[in-house]
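Please put together the full structure from these sequences, using the hints given.
There are 2 protein chains.
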Amino acid sequence: MNAKPVVYHIPVCPFSQRLEILLALRGQLDAVEFRVVDITRPRAPDLLAKTRGSTALPVLELPNGTILTESLVILRFFDEALAGRPLRRVDPCEHAVESMLIAREGAFTMAGYLFVMNQDRALREEHNEKLLALYRDINGFLLEHSPEGPYLFDAFGLAEAVFTPIFKRFWFLDYYEAFDLPEGTEYDRVRVWKDACMSHPETGQVTREEIVKLYYDYALGTGNGALVAGRSVSSFTFSPEWKDRPWPPRDKHAGSASDAALGLLPEIF
Amino acid sequence: MNAKPVVYHIPVCPFSQRLEILLALRGQLDAVEFRVVDITRPRAPDLLAKTRGSTALPVLELPNGTILTESLVILRFFDEALAGRPLRRVDPCEHAVESMLIAREGAFTMAGYLFVMNQDRALREEHNEKLLALYRDINGFLLEHSPEGPYLFDAFGLAEAVFTPIFKRFWFLDYYEAFDLPEGTEYDRVRVWKDACMSHPETGQVTREEIVKLYYDYALGTGNGALVAGRSVSSFTFSPEWKDRPWPPRDKHAGSASDAALGLLPEIF
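In order, the protein sequence lines correspond to chains A and B.
Going by our numbering, the first sequence opens with residue 366, and the numbers climb by one from there.
Going by our numbering, the second sequence opens with residue 366, and the numbers climb by one from there.
These aren't lab readings, by the way, just hints derived from the structure by calculation.
Please note: incorrect hints may appear among the correct ones.
If chains are identical, the list can't say which one is meant, so a pair holds when it fits in one copy or spans any two.
Below, a list of computed lysine to aspartate or glutamate pairs in the EDC-like style, where the Cα atoms sit at most 16 Å apart [what the hints assert, rightly or not]:
1) Lys415 <-> Glu509
2) Lys415 <-> Asp502
3) Lys495 <-> Glu551
4) Lys608 <-> Glu574
5) Lys415 <-> Glu435
6) Lys369 <-> Asp395
Written as structure tokens, this is what we have:
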């Protein structure tokens with residue numbers, strides 16, 4: 366039995382970064398033990414048994430043995446169970462408003478991931494427009510509920526903890542798709558929100574360089590630590606560390622760079 | 366300004382029935398005014414303005430003018446804002462467990478609706494298997510967290526309020542697809558749960574006959590009050606009332622029955 370709750374995670378995963386942001390904001394990073402899972406290797410059978418075969422991460426194991434899954438469930442659980450003032454709005458109506466914004470995250474995340482993973486140039490504009498439409502919807506939502514900004518309420522809160530890790534993952538769109546939020550009133554409010562989220566001091570768990578290097582395989586259409594054809598190492602490998610690798614090529618349609626060109630081959634002594 | 370919160374809804378909608386079940390269980394049906402929206406007619410411009418163009422229902426308008434959307438957001442808002450003991454589990458860990466089950470509802474609902482709307486006989490087995498896989502997943506979840514049953518915890522709770530309206534809509538699968546949950550240990554636990562949910566006395570807001578008659582157009586592949594080709598009235602019409610119409614044909618691949626055969630033409634005096 367563990368003395369503390371244990372979160373099984375991959376450090377670069379946005380659904381795990383949410384938990385880290387919440388714990389940092391609540392001043393309770395020590396309340397939880399994080400155990401790293403290497404998604405480029407087969408999942409440990411004991412962890413698989415705990416999740417009844419699901420490989421989705423993060424997974425929270427409580428000291429009483431209860432297994433919790435689903436990033437938003439775990440996030441809300443920590444916010445409610447930890448001692449002290451919660452990150453969520455206490456007022457039920459304000460909490461419903463932040464929950465409405467949080468309810469938009471699934472489609473938003475999906476659109477960005479499908480965009481970066483798309484391998485068909487002819488579909489690029491469709492993906493781009495789909496993501497922009499979701500940005501416009503969030504822009505309208507923020508104009509209705511928080512016209513002044515920058516946050517939805519007076520400080521970085523639960524909705525910001527949910528979206529910030531996704532905004533940071535979307536660095537892969539800047540890099541591999543030259544994605545840029547257009548100028549104009551349809552995007553200005555969400556841009557202010559996004560910038561405020563991304564520059565908040567408690568959200569620095571990942572960097573642009575780390576995201577761009579680790580998610581290279583996603584830009585080639587291959588997710589979750591699976592192997593790209595012609596390569597022997599996943600861009601999600603822990604060794605060599607991302608810091609020691611060169612930046613990947615921006616052109617995702619040119620085929621994969623080699624393991625060697627990506628700095629993925631460990632030195633042999 | 367309204368004195369009470371107003372819910373705009375269609376009475377047969379599962380996402381609205383959830384709210385009615387919660388209010389009934391909490392003994393506060395009078396706390397909310399329900400206003401019926403006829404989805405077979407163009408949406409009233411003032412309501413469209415309130416939802417920034419979205420036609421999704423239900424919509425909650427609070428006395429202070431705040432508009433809340435998303436059935437689960439509204440459900441949790443009522444549960445938290447109404448006086449008295451909430452339907453949700455008070456213990457954070459137990460609440461996280463019921464929230465994990467609730468998180469499965471979206472895919473479950475989608476699978477059943479796509480199944481009834483499917484018009485390609487060759488895809489029937491695929492839809493059937495997809496829905497069964499989701500039943501097996503819920504079965505496994507209930508065996509882990511509540512092996513004895515019948516409910517997830519000791520009484521009909523928040524997860525039951527979320528799923529029961531969907532179980533009742535799936536009467537359309539029994540009728541139009543001859544869908545039946547198979548016998549066996551992979552389904553026995555979820556069957557007990559489903560039966561307990563559907564027979565609970567506070568969940569009688571809709572009947573099988575109403576669901577089967579109103580959702581006939583869904584079985585023809587046409588949703589949301591749109592018109593089936595060759596027909597002049599939607600099965601979702603309020604007039605004539607569903608009680609005064611004959612049961613629709615079970616064979617959804619035979620093309621639409623006529624307005625007259627469906628009892629959809631009002632008598633002309």
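Hint-by-hint comparison with the structure:
1. Lys415 <-> Glu509: between (43 Å within a copy, 10 Å between copies)
2. Lys415 <-> Asp502: between (38 Å within a copy, 14 Å between copies)
3. Lys495 <-> Glu551: within (14 Å within a copy, 39 Å between copies)
4. Lys608 <-> Glu574: within (8 Å within a copy, 64 Å between copies)
5. Lys415 <-> Glu435: Within one copy, since 14 Å is at most 16 Å while 32 Å is not.
6. Lys369 <-> Asp395: For Lys369 and Asp395, the Cα distance is within 16 Å only inside one copy (9 Å; across copies 45 Å).
Against the hints set out earlier in the document, no violation occurs for any number.
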